[in-house]
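Based on the sequences and whatever the hints tell you, model everything.
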Amino acid sequence: MAGIFRNNFCSLPPLVVATALLAVAFFSALSSPVAAQEAAASFFNSKETPSTNLKPFKKWNEALNRFSKEKAEKVDGDCSSSKLNKCHYDGWMTYLKKQKGKDKLTLINEINGRMNKAKYVTDNNNWGEKDYWATPGEFMAKFGDCEDYAIIKYLSLRLLGFKDDEVRVVAVKDLNLKVGHAILVAFVDGKTYVLDNQIKQVVEAKTIRHYEPVFSISSKTWWRHRI
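Numbering-wise, the sequence shown is residues 675 to 901 according to our numbering.
Mixed in with the good hints, there may be bad ones.
[To be verified] Pairs of lysine to any residue, SDA-like flavour, derived with a Cα cap of 20 Å:
id, residue 1, residue 2
1, 865, 884
2, 865, 882
3, 874, 862
4, 732, 895
5, 847, 796
6, 791, 767
7, 721, 883
8, 837, 728
9, 880, 715
10, 778, 866
11, 894, 780
12, 772, 784
13, 791, 875
14, 776, 863
15, 721, 901
16, 721, 875
17, 732, 801
18, 778, 741
19, 865, 777
No lab work stands behind these hints: they were computed from the structure.
Now the structure itself:
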């Protein structure tokens with residue numbers, strides 16, 4: 675399957691969400707000790723408590739580790755290949771270089787719109803697994819589901835200069851659909867914005883009422899959320 679950085683993008687798919695909670699990551703995280711400090715007010719009317727213990731987040735850590743290897747092990751190939759190669763990676767880097775110098779609000783809108791054009795593919799169809807967290811290279815080659823959109827948006831914005839505390843992947847419960855979902859949040863000029871593969875435009879978190887956050891995570895910290 676062609677990667678998303680070919681000249682022709684796949685069209686945006688119909689509204690699709692994960693058919694089961696991202697339970698393995700969610701509940702292993704909830705059993706981890708959290709820093710002994712008072713919870714702070716956070717997005718989606720929740721309170722958050724941080725921890726720097728990322729060991730429970732196996733899939734997140736594995737995705738970041740595989741991404742580091744991708745950057746070091748690029749091979750020659752055609753962008754029409756379903757396997758990651760130098761063409762896919764270089765296409766992503768070329769795209770990101772064109773975005774440098776833009777203000778942060780413009781960047782989150784650009785990245786969200788671009789990545790949301792990728793085809794939605796379930797983990798079971800892609801990998802034969804119920805829950806697989808893909809790297810940007812894997813997403814470019816084979817597309818993915820909700821957390822995979824969030825991961826490539828997260829890493830794209832980090833490479834464009836966003837600090838680690840300015841973007842987070844967030845695991846939420848969709849209270850309308852009764853399923854697990856993953857999004858990205860970005861903090862810009864004192865506001866919290868949501869980058870969601872189910873929503874065409876970037877929106878402020880305060881406008882969303884049907885998401886209940888379970889945890890959010892960056893490369894150094896995770897936050898437990900409670901309503």
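Hint check results:
| no. | hint | result |
| --- | --- | --- |
| 1 | 865 <-> 884 | holds, 19 Å |
| 2 | 865 <-> 882 | holds, 14 Å |
| 3 | 874 <-> 862 | holds, 19 Å |
| 4 | 732 <-> 895 | holds, 14 Å |
| 5 | 847 <-> 796 | holds, 18 Å |
| 6 | 791 <-> 767 | holds, 18 Å |
| 7 | 721 <-> 883 | holds, 15 Å |
| 8 | 837 <-> 728 | holds, 18 Å |
| 9 | 880 <-> 715 | holds, 13 Å |
| 10 | 778 <-> 866 | holds, 12 Å |
| 11 | 894 <-> 780 | violated, 25 Å |
| 12 | 772 <-> 784 | holds, 11 Å |
| 13 | 791 <-> 875 | holds, 12 Å |
| 14 | 776 <-> 863 | holds, 15 Å |
| 15 | 721 <-> 901 | holds, 6 Å |
| 16 | 721 <-> 875 | violated, 26 Å |
| 17 | 732 <-> 801 | holds, 17 Å |
| 18 | 778 <-> 741 | violated, 24 Å |
| 19 | 865 <-> 777 | holds, 14 Å |
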